[in-house]
Amino acid sequence: MAEMKLITGKDAIRDALIEEMKRDPKVFLLGEDLEQATFGVTDGLIEEFGSERVRNTPISENAIVGAAIGAALTGMRPVAEIMFADFLMDAMDPIVNTMAKARFMTGGQAKVPMVIRTPSGAGLSAGAQHSQSPEALFMHIPGIKIAVPSTPYDMKGLLKTAIRSDDPVLFFEHKMLYYEGGDVHVGDYTLPFGKADIKRKGKDITIVAVLAMVKKALLAADMLAADGIEVEIVDPMTLNPLDMETIIGSLKKTKRLMTIEEGARTGGIGAEIAARVAEEALDYLDAPIKRLGGRDCPIPFSPVLEEAMYPTEDSIAAAVKQMLG
Amino acid sequence: MAEMKLITGKDAIRDALIEEMKRDPKVFLLGEDLEQATFGVTDGLIEEFGSERVRNTPISENAIVGAAIGAALTGMRPVAEIMFADFLMDAMDPIVNTMAKARFMTGGQAKVPMVIRTPSGAGLSAGAQHSQSPEALFMHIPGIKIAVPSTPYDMKGLLKTAIRSDDPVLFFEHKMLYYEGGDVHVGDYTLPFGKADIKRKGKDITIVAVLAMVKKALLAADMLAADGIEVEIVDPMTLNPLDMETIIGSLKKTKRLMTIEEGARTGGIGAEIAARVAEEALDYLDAPIKRLGGRDCPIPFSPVLEEAMYPTEDSIAAAVKQMLG
Amino acid sequence: MDKKFLLGLYETMFRIRTFEEEVKKQFEDGNIPGFIHLGSGQEAVSAGACAAIKPDDNIGSTHRGHANLIAKGGRTDRMMAELFARETGSCKGRGGCLHITDMSVGSLGANGIVAAGIIVANGAALSAKLQHNNKVVLTFFGDGATNQGKFHEAMNLASLWALPNVFICENNLYGEATPLAKHMKIKDIAVRAKAYDMPGVVVDGQDVLAVFDAVTEAVKRAREGKGPTLIEAKTYRFHGHHIGDPETYRTKEEVEEWMEKRDPIKLFKAKLLKEFKVNASDIDSIDKKILKEIEDAVKFAAQSPTPDPSNLTENVYA
Amino acid sequence: MDKKFLLGLYETMFRIRTFEEEVKKQFEDGNIPGFIHLGSGQEAVSAGACAAIKPDDNIGSTHRGHANLIAKGGRTDRMMAELFARETGSCKGRGGCLHITDMSVGSLGANGIVAAGIIVANGAALSAKLQHNNKVVLTFFGDGATNQGKFHEAMNLASLWALPNVFICENNLYGEATPLAKHMKIKDIAVRAKAYDMPGVVVDGQDVLAVFDAVTEAVKRAREGKGPTLIEAKTYRFHGHHIGDPETYRTKEEVEEWMEKRDPIKLFKAKLLKEFKVNASDIDSIDKKILKEIEDAVKFAAQSPTPDPSNLTENVYA
Ligand SMILES: Cc1ncc(C[n+]2csc(CCOP(=O)(O)OP(=O)(O)O)c2C)c(N)n1
Ligand SMILES: Cc1ncc(C[n+]2csc(CCOP(=O)(O)OP(=O)(O)O)c2C)c(N)n1
Ligand SMILES: [Mg+2]
Ligand SMILES: [Mg+2]
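Chains as they are written, first to last, in our numbering: chain A, 1 to 325; chain B, 1001 to 1325; chain C, 2001 to 2318; chain D, 3001 to 3318.
For reference, chain A alone in the conformation it holds in the complex (with noise of 0.2 Å):
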């Protein structure tokens, strides 16, 4: 069996990036701060690698990630970081009217192998325009693939795999991984995209949780298992591909549906998997379908709002039984 440690998902990343570029000369780094990180992740490596392939750039979202794709295009595999998800919004004309078309609009010319990696979600009273989820956003733009990794061990390889595609990713990190510990494996693994992980077998309902909400799901399931609740809980990995089979096959066993995400609740990721679920899989529901998730409202500054605006496990579990009642 392979060796394992316990890292952080800080250090998952961390390990990821520098495994990839000691792997593959064309893999190189360029982002806000990577010199000094704000959560640290890049810290040492552009004294690892120098500064032509650790590239600490200007505040200039559109220019990075411009950056990213015209290097992608030309041969090499940029990873570019955005120092904040909510950032995202500022190149969002890039990574959807460029980054995501070009192979297609070129008739298959184009390649664009490249990541955008990028820390996510709330926890931090970082209030409205630095907390938030926008994964979602993302799963209605065709042409960018999705990774959403919940442990160390996903981070570490999830990202490895979104490094060596040829087509874009773009790679959530949720900020209170960052420092959450995990066994990963030493050296080199990859995990698949497209492949849902059951993070607790169950037989009573089906958890769809993404990112920081597994952990969430993992303790409301540990408490609803004293009350003889089994719950099977799936980290779907990557949301697109979204991997609505392992999904489905769980919803058949357990009968009922619930999805958790901390991004806005409307439109969220549990919308496309509820839909799917109406569509596809209708008959096997004996209860309607349950999404959790962040309300819809702008993340407040305020930790007593802010915690108020998420779903805990005690809600997980309180809106579990709910279901079963």
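The reader is advised that the hints may include incorrect statements.
As the list claims (entries may be wrong) - Here are the in silico distance ranges between beta carbons for each label pair:
no., chain 1, residue 1, chain 2, residue 2, range
1, B, 1280, A, 124, 30 to 38 Å
2, C, 2003, B, 1194, 55 to 63 Å
3, B, 1108, C, 2250, 36 to 44 Å
4, A, 179, C, 2179, 22 to 30 Å
It is worth saying that the hints were derived from the structure and are not from the lab.
By construction, the Cβ of each residue, glycine as well, lies at the ideal position given by its N, Cα and C atoms.
Starting from the structure of chain A, add chains B, C and D with the ligands where the hints point.
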């Protein structure tokens, strides 16, 4: 009864702008090439209202939206035009991070009474960057109201409401509807946000359709009527607020639901509607929900491919028959 | 020069400094959540600039916005309560440091997206023009912000339309952890004004009177309908980018040198005493007043209630 | 000067003109769908610029991209087929005028979003630097594009990193229906280079040799690692913004004057005959060759199959 006249969608928008500018000196327009407008909507307005109130801008989408926000914060009621809805991506940051959040972030001190009008939709072989229907994206952004009119009557009435609203409004004008005719009231009238309009009564299936898809649904309904199938067509008029009451009310009668949109099916308008139904009205469904929409694909230039992207009256009718069959 | 005016400038700077240092302490004591960006060291820019405009003029601000708002007249008790995330805060605890705002004194809001405040403030200048109310706008932003596309678009539009906007770049030599030379090739940001046929001025941002003079002239131009000016104020932040910044990108010596030799408050105090023959006791009594004000602000904040979660979704819509 | 080289420049310009005029005809005949932006009148910019680089160098282009691509070596039959929306088009009919591309000759793609091509082309210059392959990039864009934030961000980054990029602004005096004076206050866009400490050069865009010389120098600088240059080529488009443009924003007289006195092909032809003593028959035989080439291109396009809808979603992903 109010006097009616037959006009095009383009003129309905234009009339609403003219009437509102006459009514309220705080209303003004800004945008690119308003003097000789791409779709002619604002032609002649600069002569009527002068270049102070009809402001032709440089090609600077961020500055346009930012200027509108700042003007709205300080007592004006700007109506900004973004020349193609695709270019909203270029101003996504001020739209999502400032416009939508200003009122909330300031604890209610700010109000942002502004409208962004923008032509959306395909049908002109304008390719992947000039044909998109990105309405659904904004459903995921709390703080923005979204209007999606499908007739000249709705365009005029909803635009007036949008301009008088104290919330920011994204107002989508489907290009193919600019030149379609329809009856409107002569003079002033408004239509409420959050109130769906039943565009056709029927008992066998509920179709929720928006923008140019309403007409396709109506054509399909005509075809189906010949076979004795009575389609009810619900036009939500606005996506935020979204009138689920009318949709579910119709579904309670018909027991079947189809959604039709032009934007990409995944993560689209239909996803949210289907999810809401799967949560709130599951028991009324006698059949799986069916979502029709744009293919999950950038929009091709080629007319034959472009046509294959979208639901047509034939494919809608066929899908209805399959659902009922 | 009028002594009351001069002492007013001093008072504003000292109020900012005292507020900021108290915020640092309160943050380190665990009473303030989130990311905090302090303006200590940059007081002369806000104080000098805001002294050149009227109460009903507007300002646009940034993530480093406390100083801008205090100089414009923001109440320190409401601001402290905001940072404490209390219901009595100027944004009812919804905004915090990044979005600190008091619209009643003419702030258009601090914006946490770099350069996003510039395009918005520009719109307020447009509004003033359309309303013919003779108001002007001061738009504050950092050196790093001038590399953003929004800066460029706003400058071009303001110049083209002769908007009554005074663009004030607080060039504190760093954008987060990146020194100027690593984010642009030019030395003087004021040069960028040329790209819009706009006057560009460099001013010593540690000299409150120099800032006041430069902004006064630009405001005059703006009110006369002659359009915007770009003023680059060379300044320095005494603390890290945010509280907790490891500051690997600059030396302690550099910071200490600025603090010793280029502290705008020290410099101005010396000038007041020497050149303007102000009595030391006048200054002392201001200091006392301000120390008390900020002490009271902390008390006010600490005693205020936190927001009620049941009102969470208030003010999403009108 | 080498006659072959000179005739090559002429040939490129004549190829562009013939292609564009044929496209106009084919569009008006209903054989080409969509929005078409023609480059007639601006031939000298593309021809002169692309003559200064090598086949494996890259170009970035815009919505008005036919001329850029032809000058870089794009095959006119594949291009015509693309505009006809045929499977044999260089983008298999998926791109059309707005996205016309042939990556095999070094094009990075035409981009229909104003200024979006600039940031991408900049990335190709970064790529060249990282790969130490000594390639350069020519980045074409219009006057209107220089008001976009992306232009600013790309220029700053290119200068800061000394990227091997030559920025070529085709200043045709209008952005869609908006004349220059209504979209910026400056007269010479080259001035904007100062904001990045980059050389800025104004060149007569109707003089193919002047363009060639300016670009040659800039390319030399770029290859030597000295960084980018902004070249502003003053030019003019003979047709409307797109085919069907009512052109209310300029006078017929203005257009006619440019066509008569400032047609880059007429001007260069005269120079070839007079100054460079080229034989008229050499020019005639080029003309004939090109006319035939474009005629064949139309035939090729017209006879090519339309794409098969069952392959619609090909190439969304790898
Ligand atoms: C669009 C955007 N990109 C990045 C950031 C992260 N960020 C916040 S402040 C800052 C540095 C700003 O530098 P400058 O404009 O010089 O202002 P200063 O902090 O020095 O006052 C950065 C990179 C942001 N908030 N917004
Ligand atoms: C971001 C964006 N805004 C607006 C447009 C619409 N548009 C297409 S071309 C054009 C004018 C461009 O002017 P310029 O850069 O001078 O190029 P030219 O057409 O003169 O060659 C405009 C406004 C667009 N395509 N993209
Ligand atoms: Mg700075
Ligand atoms: Mg132009």
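Exercise. Between residue 179 of chain A and residue 2179 of chain C, does the C-beta distance stay in 22 to 30 Å?
Worked result: About 28 Å separates the Cβ atoms of residue 179 of chain A and residue 2179 of chain C, which means 22 to 30 Å holds.
For this session: For residue 1280 of chain B and residue 124 of chain A, compare the CB-CB distance with the range 30 to 38 Å and indicate the outcome.
Result: holds, 34 Å
Exercise. Does the Cβ-Cβ separation between residue 2003 of chain C and residue 1194 of chain B fall within 55 to 63 Å?
Worked result: Since the Cβ atoms of residue 2003 of chain C and residue 1194 of chain B sit about 60 Å apart, the hinted range of 55 to 63 Å holds.
For this session: May I ask you to test the hint 36 to 44 Å on the CB atoms belonging to residue 1108 of chain B and residue 2250 of chain C?
Result: Taking Cβ atoms as reference, residue 1108 of chain B and residue 2250 of chain C lie about 40 Å apart, which means the hint holds.
Figure legend: structure checked against the earlier numbered hints; every hint is met.
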